[in-house]
Amino acid sequence: MNKWIKNFQKNCNSITMFVYLLNVILITLLYNNPIILVGILISLIAMVVLTRPEKVKSYLKFSGIIFLITILFNLILNQRGTNLLFEMPFVRVTTESLLNAVVLGISFVNLLWAFYLYDSLIRIKTIFELLANLFKSIAIIFILTVKFIPQIIRIYTETKAISKFRVNYQSNEQGLLKRIKQAASLNEIVLNKAVAKFMNISDTLILKGYEQRHRKLGHLEYKKSDVIILILGLVSVIFNISISALHLGKIRFGSANLKVSTHGVALIIIFNCLFILLPLLTGGMNYLWWKFYNSRTTASDTITVKNYR
Amino acid sequence: MMPELATGKITNGQLIKQTGSFAYVSQFVDNQMIMETPRDELKFVLDNQGYTTNDIQLRVTEVASFLGIVDLLDQTAEQLSGGQKQLVNLASALILKPEVLLLDEPTAQLDPIAAEKLLQMVHKVNIEFNMTIILVEHELEQVTKFTKRLLVMEDGTLLIDLPIEKGLKTIFQNEHYRNFLPQVDRLSLELQLDVSVPLDNQMLNKAVKLKQQQLKCRSKGQFWWLDKPVLTADKISFRFNFNGRQIVDNVSLQLCQGQSYCIVGPNGMGKTTLLKILTQQLKQQSGKLRYRGKKLDDSLFTNVFILPQNPATIFMKDTVEAEINYQITQSNSNKVISDILDKFSLNGLESQSPYDLSGGQQEFLALALGFIKNPEVLLLDEPTKGLDPNKRMQLGRLLYDFKKCGGTLLVNSHDLLFAASSFDHVAMMFDGKLSDFSDPVSFFSDKFFYTTEINKALRDIFPQALTWKDITNLES
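Chains A and B supply the protein sequences, listed in that same order.
Read left to right, the first sequence gives residues 1 to 309 (the numbering used here).
Read left to right, the second sequence gives residues 310 to 785 (the numbering used here).
Among the hints, a few may not be true.
Below, simulated DSS-like cross-link-like pairs (lysine-lysine); rule was C-alpha separation at most 30 Å, straight line [stated by the list, open to error]:
{"#": "1", "chain 1": "A", "residue 1": "K164", "chain 2": "B", "residue 2": "K478"}
{"#": "2", "chain 1": "A", "residue 1": "K160", "chain 2": "B", "residue 2": "K457"}
{"#": "3", "chain 1": "B", "residue 1": "K626", "chain 2": "A", "residue 2": "K181"}
{"#": "4", "chain 1": "A", "residue 1": "K178", "chain 2": "B", "residue 2": "K597"}
{"#": "5", "chain 1": "A", "residue 1": "K164", "chain 2": "B", "residue 2": "K597"}
{"#": "6", "chain 1": "B", "residue 1": "K592", "chain 2": "A", "residue 2": "K160"}
{"#": "7", "chain 1": "B", "residue 1": "K478", "chain 2": "B", "residue 2": "K457"}
{"#": "8", "chain 1": "A", "residue 1": "K55", "chain 2": "B", "residue 2": "K592"}
{"#": "9", "chain 1": "A", "residue 1": "K164", "chain 2": "B", "residue 2": "K603"}
{"#": "10", "chain 1": "A", "residue 1": "K55", "chain 2": "B", "residue 2": "K742"}
{"#": "11", "chain 1": "B", "residue 1": "K712", "chain 2": "A", "residue 2": "K160"}
{"#": "12", "chain 1": "A", "residue 1": "K178", "chain 2": "B", "residue 2": "K700"}
{"#": "13", "chain 1": "B", "residue 1": "K537", "chain 2": "A", "residue 2": "K164"}
{"#": "14", "chain 1": "A", "residue 1": "K160", "chain 2": "B", "residue 2": "K478"}
{"#": "15", "chain 1": "B", "residue 1": "K652", "chain 2": "A", "residue 2": "K160"}
{"#": "16", "chain 1": "A", "residue 1": "K223", "chain 2": "A", "residue 2": "K6"}
{"#": "17", "chain 1": "B", "residue 1": "K742", "chain 2": "A", "residue 2": "K160"}
FYI, nobody ran anything at the bench for these hints, they're computed from the structure.
Note that the structure is a prediction, hence the values are computed from the model and not measured.
Put together the whole structure using the sequences plus the hints.
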């Protein structure tokens with residue numbers, strides 16, 4: 001993780017982080033003007049690249065596939081528009097339908113990247129406590145999911161690999177139906193193994209006193225930086241909802257005469273991109289403050305020593 | 310003692326507790342942490358009890374400083390080693406200031422050095438806070454020196470409940486439980502040394518020195534005729550991330566037919582990954598693997614059997630009997646199910662689910678499946694995990710028989726005693742690098758910390774001694 005973003009993560013509590021991430025998700029949901037969408041997409045990708053660089057390749061691959069599938073489906077389903085680009089049997093591609101498809105594709109991909117960012121920065125404790133506050137059993141299901149999905153994937157991979165050493169390899173070369181049967185039986189085996197794993201977690205929750213939970217929300221400490229970010233979050237919500245109510249940053253999605261307006265777009269892009277990049281900006285500011293001011297005055301004793309001389 | 314964790318009910322008698330303040334740490338290192346970081350985990354426990362902000366801060370500070378885990382507080386669970394995770398689990402148990410601490414085989418998944426550190430910490434808790442500790446364990450090697458009372462349970466009844474010295478002497482008289490004794494205590498009792506048990510290495514050294522003239526060390530001259538290699542790895546390397554640590558770093562090895570090899574080393578040093586590469590569960594990023602001189606192909610799956618760290622991974626059926634029958638069919642074996650049940654001590658468990666068996670029984674069932682297949686090469690990952698000393702010896706005999714019939718063995722183990730007594734060649738893996746294989750005597754007598762207790766205690770008198778069996782009394 002980039003050190004500036006890490007600094008942001010260290011300096012804000014889990015609720016502040018949650019508010020920031022909910023805001024990012026809200027931003028990706030509110031607008032469908034392609035210029036704004038591209039701006040948001042660039043900011044989101046930049047944030048994810050800096051937050052979880054090791055997974056960017058697989059994220060790019062997956063979101064690329066989702067983008068293409070969305071475009072293809074939309075081109076088939078929505079064939080409106082007057083400016084014909086090209087025609088194939090059953091498919092008539094116009095500038096408007098292509099733009100609609102691209103807008104929907106980027107919107108989906110933006111939402112996906114917002115969730116990647118959410119996944120990289122959120123703390124399990126926050127979600128668990130919020131859920132525990134509302135629905136106790138859902139919180140348990142959440143924890144089981146978060147903790148055990150990676151384990152189930154690992155069990156599946158291991159079982160599949162190890163089973164090769166048990167079965168007669170020659171008899172393994174079979175028809176499609178038998179292979180499907182084998183896959184179904186493998187899934188059953190994995191489920192059996194996973195259930196055994198699930199059992200331990202309920203004991204753990206009992207031991208940690210979850211059954212007699214007194215506090216609705218865990219203890220949180222609010223620093224100055226938390227308050228500032230929460231205020232910025234509130235401003236962002238008010239700004240985006242107001243802009244949305246004014247129908248700025250939106251196109252008439254799906255219509256045959258699609259017009260992309262640039263009215264207010266610059267303001268929306270600047271405000272929202274800066275908000276998405278907030279961890280980087282605050283971390284960067286903290287870093288510069290530390291490097292050029294604080295480390296030279298308080299963390300270093302040179303000045304103090306000089307004064308005494 | 311904590312009925313809320315038991316699924317059954319008390320059918321007879323009454324549970325009388327003078328305190329309700331119990332804490333419990335289980336052997337499952339990974340499943341005990343709910344939250345992402347140790348700090349969140351500790352806060353979660355206190356939040357559940359409704360502690361104030363100030364109390365939470367103070368308690369986390371206290372317990373983290375006491376257990377020396379301050380630096381670990383903000384690390385994610387994935388970044389922690391097994392030993393560190395178990396320390397965090399201990400911290401979660403201690404943070405509520407219990408009066409009784411229950412430990413269920415807490416070192417079962419730890420390497421010897423991490424296990425010793427954890428036990429020393431538990432001992433510190435015991436003596437500094439006068440906290441009652443009840444430890445359930447079948448591996449007494451490192452725990453007797455910290456213990457005041459010994460209880461032995463068999464088939465649901467208490468056989469022995471005595472102060473530690475009397476307890477150890479009593480189990481020495483019992484042929485079945487004699488093998489449970491720590492090596493140094495066993496040696497002193499076998500040689501009838503004039504010392505009290507449990508004793509430490511220094512006391513044993515002094516006592517043996519006094520009797521040195523009457524003792525001798527068993528000679529262990531071993532000569533092997535090494536056949537052609539069966540499985541060869543040539544400079545294989547593996548890492549999980551592009552710029553990540555080399556988990557397996559330029560490792561070369563040759564496994565010859567009819568020989569047994571053991572790799573020892575701390576947790577997280579690449580032993581399991583190496584086995585996964587040798588069995589092609591993971592593909593090496595560089596280097597070559599050959600089976601009988603040829604590039605690996607599907608014949609590997611026919612000729613090799615792997616027993617993973619968690620034996621339950623290989624189970625595919627609902628009952629023990631179905632598992633064995635399935636393996637007999639798949640391997641076209643003419644073995645009879647009743648013989649297998651006898652040989653692997655699985656009698657009476659035929660209709661049970663393999664997942665409901667104890668750790669030791671699961672290990673033996675998995676091993677039985679491997680023996681039914683009768684492979685050329687048997688690879689085992691931590692096979693002694695969850696086995697009591699008698700079962701461990703039984704495992705050693707089964708592996709010896711397999712080797713004698715021409716089989717080749719490669720085993721990963723933390724268990725230094727098992728490595729010293731059951732294998733022809735031992736090597737150490739650390740930071741992805743594998744040392745050269747050498748015979749157990751040369752390997753362990755050369756080590757200072759990573760060796761058996763008998764070798765640590767008597768290296769200046771009998772440098773070749775690795776287990777209590779290696780020292781014999783001339784008079785007897």
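Each hint, compared with the structure:
Simply put, K164/A and K478/B have alpha-carbon atoms about 49 Å apart, too far for the 30 Å limit, and the pair is violated. Proposed proximity of K160/A and K457/B is contradicted: the alpha carbons are some 47 Å apart, above 30 Å. Proposed proximity of K626/B and K181/A is supported: the alpha carbons are some 15 Å apart, at most 30 Å. Between K178/A and K597/B the alpha-carbon distance is near 34 Å, which puts this suggested pair outside the 30 Å criterion.
Distance check on the hinted pair: K164/A and K597/B sit about 21 Å apart at the alpha-carbon level, within 30 Å; holds. For the hint pairing K592/B with K160/A, the CA-to-CA distance comes to about 15 Å; that is within 30 Å, so the pair holds. At most 30 Å may separate the alpha-carbon atoms for a hinted pair to count; K478/B and K457/B meet this at roughly 14 Å. For the proposed pair K55/A and K592/B, the alpha carbon gap of about 20 Å is at most 30 Å, so the pair holds.
Among the hinted pairs, K164/A with K603/B is consistent with the structure: their alpha-carbon atoms are about 20 Å apart, no more than 30 Å. Restraint check for K55/A and K742/B: the C-alpha separation of about 28 Å stays at or below 30 Å, so the hint holds. Only pairs whose Cα atoms come within 30 Å are accepted, and K712/B paired with K160/A is accepted, the gap being roughly 28 Å. Proximity of K178/A to K700/B is assessed by CA-CA distance (about 40 Å); at most 30 Å being required, the pair is judged violated.
Under the criterion of a C-alpha separation no larger than 30 Å, the hint pairing K537/B with K164/A is consistent with the structure, at around 26 Å. Of the pairs offered as hints, the one joining K160/A and K478/B is violated, with about 49 Å between alpha carbons and a cut-off of 30 Å exceeded. For the hint pairing K652/B with K160/A, the CA-to-CA distance comes to about 28 Å; that is within 30 Å, so the pair holds. Proximity of K223/A to K6/A is assessed by CA-CA distance (about 16 Å); at most 30 Å being required, the pair is judged to hold.
Restraint check: the Cα-Cα separation between K742/B and K160/A comes to about 28 Å, which is no more than 30 Å; the hinted pair holds.
In summary, the numbered hints that this structure violates are 1, 2, 4, 12, 14.
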